[in-house]
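If you read the sequences in order, they're chains U and P. Numbered according to my numbering, the first sequence spans residues 435 to 715. Numbered according to my numbering, the second sequence spans residues 4 to 557.
Keep in mind that the hints were calculated from the coordinates and are not lab data.
Cβ-to-Cβ under 8 angstroms is the rule here; a few derived chain P residues that face chain U:
# : residue
1 : Lys226
2 : Lys253
3 : Ala404
4 : Ile406
In this text, all values refer to a predicted model and were calculated from it rather than measured experimentally. Beta carbons are placed, not taken as given, at the ideal position from N, Cα and C, and that holds for glycine.
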Amino acid sequence: MESKKINLETTCPNTWCPGCGDFGIMMSFKQAVTALIEAGTPKENIVVVGDIGCNSKIADYLNLNSFIGLHGRSISLAEGIKIGNSNLKVFVFLGDGACLDEGISHLIHAAKRNTNITVIMHNNRLFALTTGQFTAVTPKGLKTRSTPEGSIEEPLNPIELLIASNASFVARGYSSRIEDVKNLILEADKHKGFSFVEVLQPCVSFYNTIEFYNERVYYGQNPNLESKESAMKLAREWNYNGEGRIPLGIIYKTEREVFETEEAALLPKVRNFEKCLQAHL
Amino acid sequence: MKKDYSIIVGGAAGQGSRKAGLIIAKIFKRLGFFVYIYDDYQSLIKGGHNFSQIRISDKFIAGRREKIDILIAFDKKTVDMHESILNTGGILIFNKNKTPEEKGVGIEADAIVKHMQGKHIMANTAMIGGFLKVVGIDWTVAKPILEKELGGDINMKIARESYDSTKEIIKIEPNKKTKNPEYLMTGNEAAALGAAKAGLDIYYAYPMTPASGILHYFAEHEKELGILTIQPENEIAVANEAVGSAYAGKRTMVASSSGGFALMSETISLSAMSEVPVLFINSQRMGPATGVPTYSGQSDLLFSINPGTGDFEKFVAAPSNSEETAYWSGKLLNLAWQYQTPAILLLDKELSEGTFSIGKSIFKDIKKEKEIVWDKKGEYGRYKITKDGISPLAYPGVKNAIIKASSYEHDEGGLTVEENEGIITAMQEKRLRKFEAMRKIADSAGAVKVYGNKKSKIVIISWGFTSGAVREVSEKLGLKFVQPIVMSPFPIKQMNKALLGAEQIILIENNALGQLGTVMASYGIYADKKILKYSSRPFTVEELENRISKAIKR
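Use the sequences and the hints to build the structure in full.
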C-alpha cells in the first residue's frame, strides 16, 4: 500500500480554456487513478494513451506512463501496448474527431476484437484544437468554420455504433458530473474487455453546451445490461441533434473472451527455431 | 559435363505446378546443386497460367535464364507459351491426356492417376515421376523426398508407375565439385526467420502480395516460433500497434507491399520522433499505385529511404537473396533497437517469393543483440540528453520510472514542448548526434559487396534482387560488380572504396527512373550508362549479357 501521497501532477503548463469540460474529465480520472492505486494497482502499471486534440493533452498533465500518438490512431497504439504487456492498465483519451472521423475503423475493430482497454472519448461534438470544424457528431445545422451555412450532415450516434460493433462495455458520462464519471471509469477498468466511455464535454470556446446538457441529462437505467435491444432503446433516446432526453450511466455490458488473452494462449512454452529450419532441408 | 540446367514446370492455376517445381528443386538440392526458383503467377485463383522456372548449377545462382533445357507441361497452354524458348536438343515432357499431339515425352498422367484411384491434382505427381526418369535420377534418391513432400501411398504409387513407364533420355549426374548450401528458402521465409532469430516477439501485418508470405509463415509457425502473429484491420493499425507493443518492450516487425507500406508512412515518422523501434518490410511490386501486383520491380527505393515527414534518419537495407535477407532482417531488428529508430527492409516480389539456396551458418551469425536500457539510477527521462544521442530505454511496468513517449516534440521527460526553442533545439541535436552514430555504423564492412574481377576498370552497380543475375554476368564477362545493400544511411565510404579506379560505371536497375542513380548522384557518384528494365519482369542473364556488352566502351 502506498503510504506517501500519490503525486499525479507534472510541470507541463495547462493550456485548456478556462471552464473547459476537459478539466472535469481530468479530475474524474485523477480520482479514479488514486482509488486504483490505493486499492493496490502499481502506479507503474498504468498507461495513458493520448491522441491529438485538446483532450489528449491530459497525457502531459498526468505524472503517469503515457504515449501521445498520431491523430486518430491512439486506439491502435493502445491495443499494441496491451498486447505487448497484458499486465498494464491502458486508458485511451481521444476526442470525437479522432475517434469517429479519422480513426473510426480502429474503434470498431477494437470493439469487435474485445481488447481489454478503456477508451474515454471526450465528446465536444466538433474539432476544437483546430479552431472549430464539424465532426461526425456535430448536430445538423450547426455553423462551424468549415460549415458556415450550417452542417448538412446528420450526426452519427456513437453509442448505437458501439453496441452494434459488439463492444462489451458502453457507457456515457457528462464532464460536469465528476463523481459519476470517476465511477464509470472505475467500472470500465474493472470490466474485462473493450470498454467505451463517452463523456459529453462542453467546449466553452466553440460550442458551449452546458445549459443544453444540464436540461437534458438523466440517469438512464437499462433494466437488463446484457440486452442489446434495451441498450439500443436507451441509445436512441437522443440522436445527437436537438431533441430528446440524454441518458447517462452504463448502457450495455456483457462478458466475452478477451482478445490478447486468447492470442497469448496460442504461444508455446518453449520456442523451437531449429524445427522451423529443418523444414527447409 | 553440363552443370547448369534450366527447367520450366507450368500449368493452369490449381494444377499444382508450383509444388511440383519445389519438389524437383529439393531433389536437385539433394544431388548437390545450388538451386534458384522463379515463380510466375497472375492475380487470380483458378485457371490462368502459372509456372516455376528452376535453375540448378554447381555454383550460386539467383537469376533466370531466357532459354530452358527441359519443359514440363501440365497443359496445352504451357506448351504453347514456352516451347519456343526450349534449347536445341531440349526436352519437352507433357501430359499426354491433356495435350496429346506434342513431340517429346508424353506421360499418361491422368490415366495413371485414374488407375491408382487418386485425385485429379495428383497428375502433378505423375509428371514428377516421369521427369525423374527422363533425366536419369535414381528412384532411391528421389523416394525419400517424395515421401516427405507428398506422403501417402497413392502418391507414391502414381510416381512410381509414371517413373517405370518412362524412358531415360539424359543422365544428370550429382554435383560433387562444390559443396552446396543446406537449405532452400524463399526471401519471405528468410525475412521471418532472420527476425525470429534476432528476438522478434510480435508480428503484425495486413495481407498484401508479395509480402503476405511472411504473414502466412508466421501464422503457420506461431506455435513453434512463439511469435505472436496478428492481422489488424489495416496497415495503419498494423504500424501503430507495432509501435505500441515496442513501447511496452516487445520487438515488433510489420510488412506490406508498396501501397500498403505507404499507408504506414506517418507511423514511420512516429517511430522516429517517439524513438520507438519498429522493423518495417516493404516488398515492392512494380508501381505506381496498385501497379502490377504479382510481378516485380524496384521502383520504391527513393520512397523507402524517404518514407516519412520531418528530419530523421532511418536504417534501410535492400538484400538480394535469401541469405542476405535473413541476415539483414535480423541485423535491422537489432539496429532498430540499439538506435531506437525505424528500420526498413526493402524486398521485391522476386526476392520475397523466389526460392534460393541458403547456408545453415547464416543463422548462427544472427542473434539478439542488446539494446541500451536504463540502469535504474536517478530520475528516469525517456529522452535524456546523452553524448551519443541515445537515451536508455525503460518500459511501462518498471518501478520508479515514468515513461512518457510522444509524437510531439518533447523535453527530456517526454512532455510536449512548443514555447521553449532551447529545448526544441537541444532535442533535435540529441537526435542529430544519434543520426551521426547511425551513419557511422551503416557505413561499415558488409554494407557494400564487391564481386567479379576486382581489377576491372569497368564497374557494374546494381542492387536488390537484380544483383543475382548481374553478378553472374559480371563474373562471366570479367567485370567488377558492386552491390550496395545498405541504402540508408548511404554507405558512401564503402561505395567510394569499392569504386576506386573505376573508369566506366554502368548502373542496372529494374525500374524506369534509375532510382539508385539518383541516390548515388546526391553523393557525387555518377553512372556513365544506365541499363533499365520496367516491364515488371526481372532481367534474364542472356538479356543482361547482351545489354552490358553493348554498353561497354571499347
